[in-house]
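A.B. asks: Residue strings, one per chain:
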Amino acid sequence: MIWKQRPIGVRLLSPIIVLASLASVLALDTHAADRNARIPRRTQVVVTPDSIDLHGVRDTRQLLVTGILTDGSEIDLTHLAEYSSNTIACDVTETGLVQVRGQGSGALMVRIGHRRMAIDVNVELAEVEQPVSFKHEIVPLLSLNGCSDIRCHGAPSGKGGFRLSLWGSDESFDYEQLVRDAFGRRTNAVDPDNSLVLQKPLARVSHIGGQRFSEESLTATLLRTWQEQGLVNDVDATSVKSLSVTPGERVLHAPATTQQLVVSAEFEDGTSVDVTQLVAFSSSDLALATVEAGGKVTFSQQGEVAILCRYMGKMVSARMMHIAEPSRDYEWTNPEPSNFVDEHVYAKLEQLHIPPSVVCTDEEFVRRVYLDLCGVLPTPEEMTRFVDSDIPNKRAELIDALMQREEFSDLWTKKWMDVFRVSRDSIQLQGAQTFQAWLREQVSSDRPFSEVVAEMLTATGESYSVGASNYYCAAPMERKVTDADYLQKDLAESTAQLFMGIRLQCAQCHNHPYERWTQDDYLGLAAFFSQITRSRLGKAGPDGRPERRQIAVALDTSITSLPGTEHKQVKPHFPGELPLTIEDGSDYRKVLSDWLVTSDNPFFAKSVVNRIWFHLNGRGIVEPVDDFRDSNPSANDPLLSALAIHFAENDFRLRPLIRAIVLSKTYQASSLGNVFNSSDNKYFSHQTARPLPAEVLLDAICEVTGVPEQYEDMEEYTIGIHKEKIKLPLGTRAVQLPVTDVVTLINTSSSYVRYELHPFLRTFGQPVRRQTCECDRSPGFSRKQALELTVGEMVSGKVADSSSRIKSLIDNGASDQEMLFEFYTRALSRLPNAGASEKLLDYISSSDDRQKAWEDILWTILNSKEFIYQH
Amino acid sequence: MLRMLGSERRNCDGVSRRETLQAGGLATLGSLFGMPSSMLNASVNSDSGGKAKSVIVLYLLGGAPTQDMWDMKPDAPGGVGGEFKPVASNVPGMDVCELLPNHTNWMDKCAVVRTVNHKAGCHNPMPSLTGYPEPLPSIGVVQDNLPPSMGSVCEYMNQESDFPAYVHMPCMLGWGQHIRRAGPYAGFLGRQYDPLFTECYPTSEKPSPDTYQPQIVHGEPKLPVAKLPKGVTLDRLKARRRLTDQFDDALRDLERGGEFERAQKGALALLTSNEIREAFDLEKVAKAKRELYGDTLFGNSALIGRNLVEKGTKFVNVTWDAFWTRPAKLDGAIWDTHSRNFGILKEVLLPVYDHTFNGLMTDLSESGLLDETLVVVMSDMGRTPKINKNAGRDHWTFCYSVLFAGAGIQGGTLYGKSDSQAAYVKDKPVSPADICATIYKCLGIDPEMQIPDSNGQPVKVALDGRPIEEILA
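Sequences listed follow chains Z and G, in order. Residue 857 in my numbering sits at position 857 of the first sequence, and the numbers go up by one each step. Start counting at 1 in the second sequence, then tack on 871, and there's your number in my numbering.
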């Protein structure tokens, strides 16, 4: 149809085209000069493809013109080249898109500056009417134009009574919806222009989604033709086997800001087609770069993005990076790397023209490393001894010493408990304590983390006696009997998130739009947990529910696929891999664990090192830490790989990993930015000042004031029956608490009992531990937190307490000078500045009440950003 | 300034560093979403069409049976229609329940949207307060990676002033049941934009014998810090603050200092600002005015809300919250009338609510504040058309009404049609996000304004909501 219309159009239009091109020649003169100025000299130019065979009237080919500079780097010239065609068989647009105009062969001319290149072109089958493919063209175009997006007709309930499958994942469904549903009003083979599928998106009639494409667009044209041709249903046509994108990665040095992409699809039947015009492109970070339909990427500022290319349910991504012109006084500072961590971080920073901050002072380091490794402040003695020491490798020695301390085990055990959902609600206090003791033993012996994970994944037994079994016990209990595979799905999601760094949640309902995970991957992973059964132990309580809620995990190897009616046939398979054959009677979890915790597993090591890096640097190399996907590029791929290799080479032990990170100058960088890096919050050019975690902050307040917090706790509780509060030993630190819902028993006569978090800890973001992500502690510092510190009992009460450090120092006859030294070194790990020292001592001496004046000073220190923040 | 995607840190000239750096990116975004780039830096409320400076939301927690209030179906079969009769209001065709006698005088200032619906589950305040349409794993767990409430967006845009832009009364949502209900928080915007929650220690004349015999709850919302710690006077606190300036905080000038300073200033303003204290000081309010609002916790909250609006608060949430496990059994049913729907409506809910609504409208109208204040009455959901065996109505999210009044609203307007039983939408469905977009538009905030989510990706404040133009003046 189209080919019949086009020659007429061309004839009619040809005089105008001549005029237009004359006019544009005038305009182009300056334009051309500008273009030529942007083409680097001494550039070798490569045009791909070097010859073109086109089949059928709608076949297109996107040219790529690439310059290769003398240093080997490549630059996209596609949009700087000028194109012409010596044959009426095809023409080339300004952007290098070759389109069929008729039958025949000839050559296309590509001009770059003074260079010219010819490309042979041959067009066949141009005069044969080619049916529009519903599967290969219409469905992808509806996706490309956003029609089948989750926010529009792809929503589970559709929009405006019209539903499409999400991103065109189900062509048969879409065909039914378009052709048969709504009394067939959506399509019209007799009069396509009266069909809703054209009227609505062209905004000829009211459409909530507005105008989606223009009358002349490829989409409108093909929708029209497809209807005219009689709404051919070809959902059985060949499917895509794989997609590839060229270039797969590219660095764009200023002034270059654009890059043309070419996507080709290889079909199951062996054919390969340029589908660039049909691909739905999207950018992982719109603030950095955008991508147009047709595949042109344009950067607006320096940075890295992944460009996702989606076609017929397949996805491929291209990594693009743009480096802006450095500012005039920029100079790479050439810092000496301290180890492989710095080598990779500095390589990236140099590439991006971001010099790192200087290494922090001894005072900053000692505070930072005590807080990060052990969650405690250094004592004045420890701080002074370190700062005064002349030993050259004293930082390395301190790191090693700290990792041997009890507090190190407490803190790092807590970090895992936060994401293993250890709560009273899930596993009871006793389960939490058993799990905590077991985890703590693993951390303090630095057992290979691979073994720790393997033991948890293959655990069976009772929650109160087998610590590792609580990994399974902590998963929420099924809420509805209809959800037979609730547990298995939950474990698939949490295991993937915790130990693979991937979020499979979306794949529960549909193939993931922005990554490669499919629903099969999701259910296949869930099937590894199909042999697990859980039961509550203990006799029934007064209301019929079990009194003691200990949970037991058992294994039933006779089960061979997911339970429940819906997914009965699902067998285990590893995400992204082929289906497995597993011997009957084997423990599926062991199969999973054997695959997961190895050095050649693509997920395990990277996800763990990224999480550890996050704890030490305030931000993951991949961020969020558990969201690895093609559309979420890491800030530094080589760094991530090197850390993963280092981790694996050290038997997956956490201490060597932590040591390597903390020894680096990257970790030890000052949190103050320099003129070039202060706006960087992604590439680790400086440390990140951030509020202390709730527990560490409260412990620090207790330590500085000298007044420990009394935590209350309870043993077992019986539903509906109030038991006495039991106090934990005085001096228990918040970091050591086994559960976060710990303190107050609400004395209520209603039928169940609730617990409250510690109010101070809750205010500062102690997680409730219901999720397997690190997302529970939100960023920022709230007015409520400021209020708590300003007038809350925790600070004001402890400062004025009769057993406070102020009181005992005064009673022991300490001088004001000594006290100032004591509090500055204890809270801030440094001495006061001379000016501040003088003013604060003045305040004391001019006050009538020395005790009260010291309360005010200590209050001021505890309310400073320097105290509240890790920096 | 309407700002997007930047940090809150500002240079002396009022332009934030990151804002300047991102200008290029913003322009691109703007053109992508069809916005002229000049709009991105437009001032809110200048010429952007917002008629309201502030909004007071009367939030009827639990799911108000709006078919017994503003969308009555007297002709519906028994077991659906209910026990009450509609009466005429000052707008023909806008009948209201006979138990809302005061509403009859205000319908010419009101618009009722009768087709709100969502599928985000029961007792989930997220859709109504944020527009977020998805069910939560648990309504008692606040997730920080979810979209912010409308009030938090107002607070986010209130970069210049220490005065709270967003106040939630009478207490942290769910406090009286020992749960922290999701909904009113700042989500991924960051905690510094959470609401100022007031505190309260309410009472009732006698304890509630059981859940479905709720009492009228009395009390006043208080500033959370009305009480200074033992031994600390306001003077001493101020002296401590001055001492802070003498102190050599090494991080004072750090780039990321914005959030900390802002929070501290905000906290100090709460402690020292006379304006805020005055707004909460009901002692000084004439007895007649207090009676106008009704001497209930709900009435007092609305009265304080009105005072706050007068002094510059942009978003006030007055919630009818439950008090059951704390401080005592007062009102456990709230608007969640699974049993004795008509009894509770008649004894407690409708008279108290009608009284307060009338008081608020009268006072706003007489003081001229109604010209710049939007009043919205809404719920987390609606209730079943079918009356159950306990004369109650159960949870229903498929069709319910929201009432708008005051600034920016075309009074006397009905929008959308429910079916003959008020069970499903018959015409013009409205999502909670659309309600949010309408509120944003009234406030002069572009519903399509972009904010960064927890992955730094731009998200529209009203998500995919669109303002209901037909009810706007």
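Incorrect hints may have been included.
[To be verified] If the Cβ cut is set under 7 Å, some of the chain Z residues that face chain G in the computed set are: (1) Arg151; (2) Asn188; (3) Ala189; (4) Thr257; (5) Gly780; (6) Arg783; (7) Leu787; (8) Val791; (9) Glu793; (10) Trp859.
[Claimed, not checked] A partial selection of chain Z residues facing chain G, derived with a Cβ cut-off under 7 Å: (11) Trp416; (12) Glu583; (13) Phe781; (14) Thr790; (15) Ser796; (16) Ala800; (17) Ala834; (18) Ala836; (19) Lys839; (20) Ser864.
Derived from the structure by calculation, the hints contain no laboratory data. All C-beta atoms, glycine included, are put in the ideal place defined by N, C-alpha and C.
A.B. asks: Could you work out which of the previously given hints the structure breaks and list their numbers from low to high?
C.D. replies: 2, 3, 4, 11, 12, 17
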